[in-house]
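Visitor: For the record, the sequence lines run as chains A and B.
Each residue of the first sequence is one higher than the last, beginning at 8 in the numbering used here.
Each residue of the second sequence is one higher than the last, beginning at 233 in the numbering used here.
One or more of the hints may lead you astray.
[To be verified] Pairs of lysine-lysine, DSS-like flavour, derived with a Cα cap of 27 Å:
#1 B:Lys577 / A:Lys122
#2 A:Lys15 / A:Lys74
#3 B:Lys562 / B:Lys604
#4 B:Lys577 / A:Lys242
#5 B:Lys262 / A:Lys192
#6 B:Lys598 / A:Lys122
#7 A:Lys122 / A:Lys60
#8 A:Lys70 / B:Lys587
[What the hints assert, rightly or not] Beyond 12 Å from chain B on every Cβ pair, some chain A residues (computed):
#9 Ala27
#10 Ser29
#11 Met198
None of these hints come from the bench; they were simulated from the model.
If you're wondering where the values come from, they're calculated on a predicted model, not measured in any experiment.
Glycine is no exception: its CB is placed at the ideal position from the N, C-alpha and C atoms.
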Amino acid sequence: MIVFQYDKTFEGLLTAVFDAYSRKVFPERLVSEDEPLPLFAEQVHRVITEPEKSTRVWKALEKKLTKSVCAMLMHVWLSELPESDELLFRYMRKAFDAPMSIATYFADDDVLEVKKIAQKVSREREHVTQFVRFQKASDDLFFAPASPMYNVLPLTLDYFTDRFADQIWLIYDVKRRYGYYYDLKTTSEVMLDNDEYLLSGKLDEALMAQDEKLFQEMWKEYTLSLTIKERLNPKLQRQYMPRRFWKYLPEKN
Amino acid sequence: MNEHVLDKLKVLAESAKYDISCASSGTTRKNRPGTIGSTEGWGICHSFTEDGRCVSLLKIMLTNACIYDCAYCINRRSNDIPRATLTVQELIDLTIEFYRRNYIEGLFLSSGVINNPDYTMERMVRVVKELRTNYHYNGYIHMKSIPGASRELVNEAGLYADRLSVNIEIPKEQNLKMLAPEKDHQSIYKPMFYIQQGVLASADERKRFRYAPRFAPAGQSTQMIIGATDESDKDILQLSTSLYQRPSMKRVYYSGFIPVNSYDTRLPALKQAPLVRENRLYQADWLMRFYGFRANEIVDDSYPNLDLEIDPKLAWALRHSEAFPIDVNKADYGLILRVPGIGVKSAGLIISSRKHRRITASTLTKMGVVMKKARFFITCGELPTFTVNEVTPEYLRLALMSKKSSRKEPDSKQLSFVFTE
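Chain B extracted, bound-state conformation (with noise of 0.2 Å):
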């Protein structure tokens, strides 16, 4: 290890930052005796950066050289940005000596394509294959499988990786073309196509076998650029339904577009990248994983897009004023669910908590649940309130929209004075 390494892991660092996932969760794996490290259910985030973002894996590239050219990359081959290869040995030193110190979780590795994406993968692989099998290292290991690598590189990566993810980064396949002419779908699914079947082989192995090999014991997941391209919310929202129905698929990250390369007449000028409705993509993709919620519920032909000044939940709960008040005392826990205010864990409590005695505001307010947004849709037992259907859900929105977004909009009545020198 020297000063070199540093430098090169400044630039690597640099160029794996847009990966979204840091997810160290989904595999259990505990120490065996005089070995290195051990994967807990959920992972654990050992630092957040500035951005706010956690730090859970040592997120590295192999290289940032690549062969590819696509438009929304920061590490495309037109880019003059400086470039650095890691060796497998520094790759994997960085790692072990990072997880002694308790700094990460484990590795994700990704890279830039060189020479063919076979090549590039047969190295990824040998840093994962050396990592557990010559150093016994029981972490977390995230590996990026890349577009277009061969079946047999896979299977192999899938031994050794808890996870495998190939990026689809535009979800239309012309507008991926658009960006990205070197790449289409079929590259994509292909591998995610190989993952999943890996993913049930060793599953349907392992119930006959009991120490048949585990093949990327936490899945697959996924990444999608949002506002590069003109998709809209619907459209994103429908192939992530559709990405989670297949059986392996764990995560559908969305990653708000920053203009890297602002040269390119092909990408939208952006002042800045769209947190708000990456947030609220988020928020929709929790209500479909968590909440029962289908995505043609959140988003249909009528509002194809998010509503950006309120929560997905809120929105449609304004929209089906019908369907409330729900009374906390005895709708069952999908009904309670549906309410703004009230998330997994008070919906559970109250659910749990029902059986010894009746639920009254107060002690919703104490078990966590928001009343500035729950009370205009619950009923519990006590005198009447005003709910949604009487305040109209129009005043409604207006009323819970976000603060700071409502401030931003000039007063009307408020003259301005503009002073021309």
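Bound-form chain A, shown alone (with noise of 0.2 Å):
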């Protein structure tokens, strides 16, 4: 079996790619550099990251496919999921070989399973836009607490910088601890020493600015009132606003 070991961020495997192509060897297995190599690994390359060989391969690839199947592998990428890493890789062997474009070849499981996947994480994108709440803190700040199921806040930010353009605002991701902060200017991304404070997702009362308690009870108290009793469908709200985004919503605490 033959593996290449990579350092498991993007630029490492679109380098990993290049490898393959150069050296005409194509790994049946990726795996990072500390995990333990699997059984039966007889040829073992050990991919050495480097930016012209992983621009040269995006750039060829955009050529190849289109813009929006592009971002898709980046969805895929940004998935997180367990060898999303190796469909990666599989979709790009086939996109290059192909003589004409695979972006609509459905029949294939790549590239069905890529087209899945993209769908999966762009749902999660939308639904952190969707259910991402913001409390004003006393010094202006408007602090949102995140933890989405992929890793989505990269994918999110042109929606928050285009709508909240006039205001300071800090989104963390708990799970991952590190956060995306906007300061009437630019966003930069932020990894904050001591976060403990803010695990829990809710901003001290200490903290918070004057009205905001109010503003919360305003609106849990009119997403009340909004019900129509004789309509009650609980397993619809859950299916639209998954279960796991609840502990961040005003409305539902």
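Put the two chains together into one complex, using the hints given.
Guide: Quick look at the structure:
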């Protein structure tokens, strides 16, 4: 069995594709550097990530496929699902080897799988834009916790930066312990050193802005009054608004 | 902001909740630097209430006091319910603060009629105008146009709102007159016509001047109450078709009648809102908008009402079994769309992937086609299977009927004991 070791970054994966084509050796498994090698690994190659190689592969992909398909590959990468890197590797290889674009070849298992995972990730992205709730702190910062299933925060920045352009905000992924901070001009990635007090997802009342509590209360009461009692359908509610998001919603707490 | 507003908010949400529309789609407005808000092409649902309906907009009334006495409405003047009125400033503050916290996608402003239609409409226009001009708010605004409002006010509202709407409520005019003697179709169709004129005029202007103001860029919508009066599904769907033929009409909503004023004898006594019928009407509506069906294909004189047990597309296919089976490897998009169990998405997938290789039953399953239904209506170059013509439409209807409803009917073989005391 041929195995490639790489550093589990997207650039690393693209470099692995480059190496495979230049050495004309195609791996059956991709593993990280500290992971134990699978049984029967006869031939092991260690991929050293190089930006020139990875950008070359990415550019070639953009030429071969469309922009939206390349975005789909990025989505699959952000899913962080086990073996999604091997799926991407196979997809890229098929894309390069096929005479015509494979973007619509949904009868192929890998092409369909990539589409399905990308769809799941983009749904999760949408869930984050739907259910992130800002809490206003006393220093006028709007803080929102999130713990999405896939690592979709980078995909939501367009939305948040465009929409909340005149307020300072921080969205923090409490599961992956990083976030994005917007200072009225640019959005930047932040990692907080002592973020323990944020992990509950609720601002302490001492840190809240004056009216914050009232607005949360108002929103909760509003959604309760909006319910038509003759048509109760909690199952449908859970289907559209999965339980895992409820812990940060003022209307559900 | 204080506790009073909280109480008013509760009262007014309670009154506004029977308006079904919550769409926030149809406009894209990017944020201008330094201002708040943006509008996405597809709206975003920010929450869902316990009845499973989405909360995308802050759906609220300016006031729930009303001079009219419509039998189907919770806010009719003879009802003894708490009344409240929000000031223009309170409404603006609520919208902006909720928006900043990502609770909502925008504002849906409606109102009971106070004094006269123009007086009410003028105050509503003031809210949306202030939001757009003084607060530089770019979020979505859906505004109800009050029946009987003047052309000038409708025109002004269209400059600030994304979508305007007037509710038809009751499809037939004589029934509307019976339940709401103070209203007629004239007062509803007139503002609708003003909106349409505004949209067309602005579209025409923008062809010549790039920065000419947009007028209600997301068009208009309307709503009908289902089951309060004796209209058949045929009447309803034909009315929807004629509405959709108007250039600016984007959506018709159907609202299953909820007996809010059960004391009124003009209304039917219902145990529960006709939810299944409402659902079937929406399915029929989708067929007309996205599947290329015409109203008279779905319902006609011999079948004036939709089949509640099976969906309208399956019902059509069973009535027209001669059109099947369809070969998914050869048929064009329009025909594939007519197969029960294949939706817009899977039809698109089939068309694009059969360029590469032949489609088989197992690929169809993987693509998300509901083979339970579809397998009776297609061939895909495999061994012949039983199609609708072999198993007969009558049998298929029974087999595919939703299980829940068939279970409700008592089993005739089962003896039932009734114990009386």
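Visitor: If a hint holds in the structure, say so; if it does not, say that too.
Guide: Hint-by-hint comparison with the structure:
Restraint check for lysine 577 (chain B) and lysine 122 (chain A): satisfied, since their Cα atoms lie roughly 13 Å apart, inside the 27 Å limit. With a C-alpha separation of about 23 Å, the suggested pair lysine 15 (chain A) and lysine 74 (chain A) falls inside the 27 Å cut-off, and the hint holds. Taken as a hint, the lysine 562 (chain B) and lysine 604 (chain B) pair is honoured in the structure, with Cα atoms around 21 Å apart against an allowance of 27 Å. At most 27 Å may separate the alpha-carbon atoms for a hinted pair to count; lysine 577 (chain B) and lysine 242 (chain A) meet this at roughly 25 Å.
This hinted pair checks out: lysine 262 (chain B) and lysine 192 (chain A) have alpha carbons roughly 16 Å apart, not beyond 27 Å. The suggested pairing of lysine 598 (chain B) with lysine 122 (chain A) holds, with an alpha-carbon distance near 12 Å, which does not exceed 27 Å. Simply put, lysine 122 (chain A) and lysine 60 (chain A) have alpha-carbon atoms about 26 Å apart, close enough for the 27 Å limit, and the pair holds. For the proposed pair lysine 70 (chain A) and lysine 587 (chain B), the alpha carbon gap of about 21 Å is at most 27 Å, so the pair holds.
Here alanine 27 (chain A) stays apart from chain B, with its beta-carbon at least about 24 Å from theirs, past the 12 Å limit. With a least CB separation of 29 Å from chain B, serine 29 (chain A) remains clear of the 12 Å interface cut-off, as annotated. Listed as outside the interface, methionine 198 (chain A) is consistent with that label: its C-beta sits roughly 23 Å from the nearest C-beta of chain B, beyond the 12 Å cut-off.
When each numbered hint is compared with the structure, no violation occurs for any of them.
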